[in-house]
Each structure stands twice: as C-alpha cells, then as structure tokens.
Amino acid sequence: MTDKVTSNSRDHSLFDAELSGAVLNMHLLGRLVRWLRPYRLKLVLSTVLVLIASYAAVVMEVLISRVLVDYIIVGKADSPMPDMGMIALTIWVERQTGLSSLNSAGLLFFIVMVLFALAGHWHRLTLTSAIVKGLRDLRQDLFAHMETRPSSFYDKVPVGRVMTRVTNDIEALFEMLRGVGSLIGEFVPFFVALAVMFSTSVKLTLLLLALVPVVGVATYFFRRSSREVFRRVRNSVSSLNQNLQENLSGIQVVQLSGREDKNLGVYTALNKENRRQEYRSINLATFYGAFNDSLTAIGLGLIIWFGAGEVVQDEMTLGGVILFTRFMGMLFTPVVTLGEQLNVLFRAMASGERIFQALDWDEQIHEPVSPVTLPPRIRGKIEFRRVSFGYESGNPILKDVSFVVKPGEKLAIVGPTGSGKSTLIKLLGRFYDFPDGMLFLDDVDINHLHSRDVRSRGGVVLQDFHIFSG
Numbered sequence: 042m043t044d045k046v047t048s049n050s051r052d053h054s055l056f057d058a059e060l061s062g063a064v065l066n067m068h069l070l071g072r073l074v075r076w077l078r079p080y081r082l083k084l085v086l087s088t089v090l091v092l093i094a095s096y097a098a099v100v101m102e103v104l105i106s107r108v109l110v111d112y113i114i115v116g117k118a119d120s121p122m123p124d125m126g127m128i129a130l131t132i133w134v135e136r137q138t139g140l141s142s143l144n145s146a147g148l149l150f151f152i153v154m155v156l157f158a159l160a161g162h163w164h165r166l167t168l169t170s171a172i173v174k175g176l177r178d179l180r181q182d183l184f185a186h187m188e189t190r191p192s193s194f195y196d197k198v199p200v201g202r203v204m205t206r207v208t209n210d211i212e213a214l215f216e217m218l219r220g221v222g223s224l225i226g227e228f229v230p231f232f233v234a235l236a237v238m239f240s241t242s243v244k245l246t247l248l249l250l251a252l253v254p255v256v257g258v259a260t261y262f263f264r265r266s267s268r269e270v271f272r273r274v275r276n277s278v279s280s281l282n283q284n285l286q287e288n289l290s291g292i293q294v295v296q297l298s299g300r301e302d303k304n305l306g307v308y309t310a311l312n313k314e315n316r317r318q319e320y321r322s323i324n325l326a327t328f329y330g331a332f333n334d335s336l337t338a339i340g341l342g343l344i345i346w347f348g349a350g351e352v353v354q355d356e357m358t359l360g361g362v363i364l365f366t367r368f369m370g371m372l373f374t375p376v377v378t379l380g381e382q383l384n385v386l387f388r389a390m391a392s393g394e395r396i397f398q399a400l401d402w403d404e405q406i407h408e409p410v411s412p413v414t415l416p417p418r419i420r421g422k423i424e425f426r427r428v429s430f431g432y433e434s435g436n437p438i439l440k441d442v443s444f445v446v447k448p449g450e451k452l453a454i455v456g457p458t459g460s461g462k463s464t465l466i467k468l469l470g471r472f473y474d475f476p477d478g479m480l481f482l483d484d485v486d487i488n489h490l491h492s493r494d495v496r497s498r499g500g501v502v503l504q505d506f507h508i509f510s511g
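Counting from 42, one number per residue, gives the positions in the sequence shown under my numbering.
In case anyone wonders, no lab produced these hints; they're calculated from the structure. One or more of the hints may lead you astray.
In silico lysine-lysine, DSSO-like type, Cα no more than 27 Å apart, as pairs [to be verified]:
(1) K117 <-> K83
(2) K451 <-> K467
(3) K313 <-> K117
Between beta-carbon pairs, the in silico distance windows are [claimed, not checked]:
(4) A338 <-> W133: 36 to 42 Å
(5) R300 <-> G499: 32 to 38 Å
(6) T374 <-> A349: 56 to 62 Å
(7) V352 <-> A129: 23 to 29 Å
(8) L305 <-> V207: 54 to 60 Å
(9) L247 <-> W133: 34 to 40 Å
(10) A129 <-> L235: 47 to 53 Å
(11) I419 <-> N304: 40 to 46 Å
(12) K244 <-> L143: 30 to 36 Å
(13) T374 <-> F184: 34 to 40 Å
(14) E433 <-> S411: 54 to 60 Å
(15) R493 <-> I454: 22 to 28 Å
In this text the structure is predicted, and so the values were computed from the model without any measurement. Glycine residues also receive a C-beta, built at the ideal position from the N, C-alpha and C atoms.
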C-alpha cells in the first residue's frame, strides 16, 4: 500500500473554536485592510468628518465657558485663557448683524451645533457604509471558500462551527471596526481639550491627568481577566450553534427516534453554560464601568476644590472652572471608551483569527494540473481496481475492491449499513481522494479528471436529501 496523502487524512481538530487570540494582532488587522481598501475614499471622508465634528464639539464648550460666562456674564474678555477666537468672532457678529452679545453667541452656538450634528451624522453613515461593504465582500469570499471544501472536511468539522465563522464572527468584526471609528471621534477632542486645559491651568490639568494611570492600571487588569472569559463565551456560543444546527437539520430523525426530551436536555445544559459565561463577562465589564464612573466623580471634586481656590485668588475665571468641568468628560471618556472597547476588541481578535483560519484552510480534492476532458456524452464504463479507502485513518471501509461495470449494464450493491455502498458512489463522484488503488471512468483514470467534469456527467440520488428553500 502506498502512503499517498489524501484530503481526508488532515487533522481537523485544528479547526476549533478555541483559539488563543492575541489582544492586538497587527498581521490580522493588515489582512482585514484588504477588504476595506476598495472603500478607502469613504474611510478618508469619514476621518475628515470626524475631525470637523470633534473640533466643533470643543468650540461649543468654549462658547459656553469663555463667551457666555466670562465675556457676557462676568465681563472678563481680556482673560489670558484661550478662547479659540470665539470672543472676537462674537464681537464681529455683533457689529455685522446688530444683535446683542447674547444673541450673537447663541447664533454662533447654533451654527456650530448644526455643524457638529451634520458632520457627526455623515461620519457615521460613511464609516458604516464602508465597513458593511467591506465585510460583505469578506463574507462572500468566506462563503465561496467554504463551499469548495471537500466532503471530508464536513465529515470531521461540525457545520455549526462553520456557521459561527460566517455569521457571529463577521458581526464581531463589524462591532470592532465601528468602535475604532468611535474612538477616533473621542481622542481628537481629548488632545484638543488637553492643550486648552494646559494653557488654562497646568496644576489642575496635572491633577486630573494623575487619574489617567489609575484608569490604565484598571484597564490592564480588566484585559488580563477578560481574555479567558471572552474566549469561553465564544466557545459556548459556537457549541450552541453547532447543537442547534444539528438538531434542526435532523429534526425528522430526532422525532422518529423520540429523542426530543433528551436533546432538549443537552441543549438546556449548553444554554446554561453559555448563560454562565455571559454573566461572568457582564459582571466583569460592569465592575470596570462602575470603577471608571467613580474616577470621574473624583475628577469633578478636584475641579471644584482646586478651581474655587483659583477663582478666589483671581488666578482663574469662573468660565475656566466651567470649562474644566465640561472638558473633563472629553478627558476621561476616551479612556473609559477604550476600556469598554477592549471587550469588543478581544472578541473581534478571536473572531478574526477564526475567520482567517477558515480562509487559510486549503484542504481540497487534489485536482490534476492538466486534466483530461471527457466527451459531452460518456459511454459509462466504470472500473474499480484494488481500491482501498476509509474515512478515518486505520479504519478502512473498502479493502482491495475491484469490479467492472460495462456500458449499459446495471449493478445493484447490497450490504449492511457501513459496508461501503454509498462510499463507492462518493469515490466515483470524486468527493474524496483515496490512498490506494485506481478508479477508471471510460478507461480514464479518475484522478486525471477534474471533479467538476466528473460530476457534470452523471447524477446521484442520495438516501438522505436536502430541499433548499425556493
């Protein structure tokens, strides 16, 4: 017997839902860019729009604190605090329109608010459009790839595992990419606000920044705890999908065997395990969010305590204190959002690995480099010559099988279940490679024929059939 490597000798245990998954896999992200590259103009436009919206968000806070409070209410227009040119612009609007200072500031605030809303909305539309189209192409390529995997692959890999990659894992990538767009929209105001805060009060800014490492440490421990938790969540979801698919696709067998209650018990156990893992992930994320909320409250207390003293000593204006309270959200929100996005990131990295593992799974029937082409109408001679085959290594179904079916002859093969009757048809249709022996169709070695050519010349009616929805 020869040691010819066949498609059904592949180690399918590697195709598993539990992958280690690096927290940030740059190689994986680089591969993902391939599907987003055709929509790069939309992504560039989305980036420009989020920059505009972020700048408008900062300007709105300056209009409230510096123009409304300091210039109009308190009357300190000459404060050294930066106003991003808004006081001068308000004065210009007063002179050009004849409106009062309050109405001029209100008009500017309305214009900036509309700009913020339109730019933000357009940013989300263009970003979502690019992501959806890119992942649509990825899903299409993944489906086309899995559709060409041989029968030996689906004999060893549960269909539920494959379904999880095409559905749940693609959705996880969508959530991650959309979250990246949100982070950009959070971090641009962060740096602008930080610059304004430093120019207003270095001491108070440093006090607030001292809280950032605390958030970083909390995020680090959250990441360590979350990695294994979310990996188990993905595994439990995949097991649920696998069990559901197998039960629904074989529902007639389940009902004929009277296994409804037993199968329900198995599904209930899997569902409870999924719920337990989901609760663990929810509790972990909730604790992390509550901790960050507490830090925000501490930051607000620092602003009130330190800022009030600065106002009394005439070293900071009332508008400056208000500006810090307004900017505090811009300072802490990106860090908090980043921590929350780690949840999505962990899921997406594992999902991305699973998707590209499926795309890289190159198992297929060995096709000839220069295949022989059969005529449109074949004679129908079939010859098995000492063919041996087994679905699992070391467990042969066919052993040294030889027979000839001449054109026009009919052959009936009978035998107990598992004796290899259907296997003969599957080998004839080139659904499997076989390690030993030769199989001829019209005196042509079937290994010299392309599988599509072989299957287009004959028909098979299986005992188990599947009817697709029309």
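### Query
Range hint 54 to 60 Å: satisfied by the CB atoms of L305 and V207?
26 Å, violated
### Task
For the pair supplied as a hint, K313 and K117, confirm whether the alpha-carbon distance does not exceed 27 Å.
64 Å, violated
### Task
May I ask you to test the hint 54 to 60 Å on the CB atoms belonging to E433 and S411?
32 Å, violated
### Query
Taking the beta carbons of I419 and N304, is their distance inside 40 to 46 Å?
45 Å Cβ-Cβ, so the 40 to 46 Å window holds.
### Task
Take a look at whether the Cβ-Cβ distance between R300 and G499 falls inside 32 to 38 Å.
Given range 32 to 38 Å: holds, Cβ gap about 36 Å.
### Whether the CB-CB distance between T374 and A349 falls inside 56 to 62 Å
At roughly 24 Å between Cβ atoms, A349 and T374 fall outside 56 to 62 Å, so the hint is violated.
### Task
Compare the distance between the alpha carbons of K451 and K467 with 27 Å, and conclude whether the hinted pair is satisfied.
The hint holds at about 18 Å.
### Query
Between R493 and I454, does the C-beta distance stay in 22 to 28 Å?
26 Å, holds
### Message
Is 23 to 29 Å respected by the C-beta to C-beta distance linking V352 and A129?
### Response
24 Å, holds
### Query
Between A338 and W133, does the C-beta distance stay in 36 to 42 Å?
40 Å, holds
### Message
Tell me if the beta carbons of L247 and W133 are separated by a distance inside 34 to 40 Å.
### Response
This hint holds: roughly 35 Å between Cβ atoms.
#### Entry: 27 Å Cα cutoff - pair K117, K83
44 Å, violated
When each numbered hint is compared with the structure, violations occur for hints 1, 3, 6, 8, 10 and 14.
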